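Residue numbers (our numbering), protein chains in the order written: chain A, -12 to 200; chain B, 87 to 202.
These are calculated hints, taken from the structure and not from any lab test.
Every value quoted in this text rests on a predicted model; they were computed, and no experiment measured them.
Glycine included, every Cβ here is placed at the ideal spot set by N, Cα and C.
One or more hints might be untrue.
[Claimed, not checked] Using 30 Å as the maximum straight-line C-alpha spacing, the simulated DSSO-like pairs for lysine-lysine come out as follows:
(1) A/LYS148 x B/LYS173
(2) A/LYS169 x B/LYS173
(3) A/LYS169 x A/LYS61
[Said to hold, decoys possible] Just some of the chain B residues that point at chain A, by a computed CB distance under 8 Å:
(4) PHE112
(5) LEU118
(6) LEU127
(7) ALA175
(8) THR183
(9) TYR186
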Amino acid sequence: MGYIPLGTVFGFLFVQAGASWWLAVLASIFVFAGAAQYMMIPMIAAGMSVGTIALATLIVNLRHVFYGLSLFNKLPQGRLLRWYLVFGLTDETYSVVTTMPEESSHNQMLLVTFLNQTWWVLGSAIGAVIGAQAQVTLVGLDFALVALFCVLTVEQWRSRKSARPLWVALAAYPVAYLITAKHALLVAIALSVATAVVLQGRANGVAQEKTGD
Amino acid sequence: MIESSYVLGVIAAMGTVTFVLRALPFVASRWLHQHPIVSSLGQFLPLAIMTLLLFHSAVGKATEDPEGPWPELLAVALVALLQWRSKNALLSILVGTGVYVLLRNFNALGTGLLAA
Chain A
-12 MGYIPLGTVF
-2 GFLFVQAGAS
8 WWLAVLASIF
18 VFAGAAQYMM
28 IPMIAAGMSV
38 GTIALATLIV
48 NLRHVFYGLS
58 LFNKLPQGRL
68 LRWYLVFGLT
78 DETYSVVTTM
88 PEESSHNQML
98 LVTFLNQTWW
108 VLGSAIGAVI
118 GAQAQVTLVG
128 LDFALVALFC
138 VLTVEQWRSR
148 KSARPLWVAL
158 AAYPVAYLIT
168 AKHALLVAIA
178 LSVATAVVLQ
188 GRANGVAQEK
198 TGD
Chain B
87 MIESSYVLGV
97 IAAMGTVTFV
107 LRALPFVASR
117 WLHQHPIVSS
127 LGQFLPLAIM
137 TLLLFHSAVG
147 KATEDPEGPW
157 PELLAVALVA
167 LLQWRSKNAL
177 LSILVGTGVY
187 VLLRNFNALG
197 TGLLAA
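Please work from the sequences and hints to get the whole structure.
Printed below as a string of structure tokens:
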């Protein structure tokens, strides 16, 4: 049920940006990714190219690759069921499924995913219909995206194994911003990946030296 | 009004990218599991990327705000504190955004009155 109000905010902002209400519902059915959908609003309002928006979606949702890796054996083998669960692997679904007991049935997983999406789509529709009634000109409503990223950062921080990714990211961003303010995000991500690879390489080197003794 | 055919294209592209990312581990699991670097990136990247997205979006808002970066810093700190304490995403987002909207609009009002 928690998904209804978040969907409502999405639907409302989407329509306020100047797109048709039914497109908000369609986005929630076929994209079904909260952060990426919040992100698309200012981008379609600015008329950015489909390629740019696809690239931004890739960055925002890259973490989902790692969700699947840790759930590989937990998901059912049946084709249709499995692919729907894969499709619906949002942050919310992932956090619920990983905390479900081992013996939970596949039908329970399906129910969680399906209900999450139903509330999300329903919320989007409600928000979109409300948003279509009146134009609100309040500066700063799109801060909701920043707030959502902040919430997800806090949750990633809560489940962290090490604080390093945060410090590396905080160091990488100013460096990237000095190199290119326009593409700071992409450059900072590249710098973070490179740092992660180097750190991993050094950890391996140390481990090998130890076993070599 | 934003052209609906353009938005449809965006939705199709975003849906495809998102599904491919979620499906990748199930299609290429053997390959991905063979490489230790993948699992170490899996522990590293989600927090790093989310921190960067937060930073990038907050900096973006601060640069378009004549009073920036104080309203942004305050609102982000508020959201982080609320989320850390309550674990309630809706509460954190609504209160944070509400406070930010107030800060932005009341500041504008204040400056307007001063100018008058």
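Evaluation of the provided hints:
no.	hint	in the structure
1	A/LYS148 x B/LYS173	holds (19 Å)
2	A/LYS169 x B/LYS173	violated (33 Å)
3	A/LYS169 x A/LYS61	violated (41 Å)
4	PHE112	holds (6 Å)
5	LEU118	holds (6 Å)
6	LEU127	holds (6 Å)
7	ALA175	holds (5 Å)
8	THR183	holds (5 Å)
9	TYR186	holds (4 Å)
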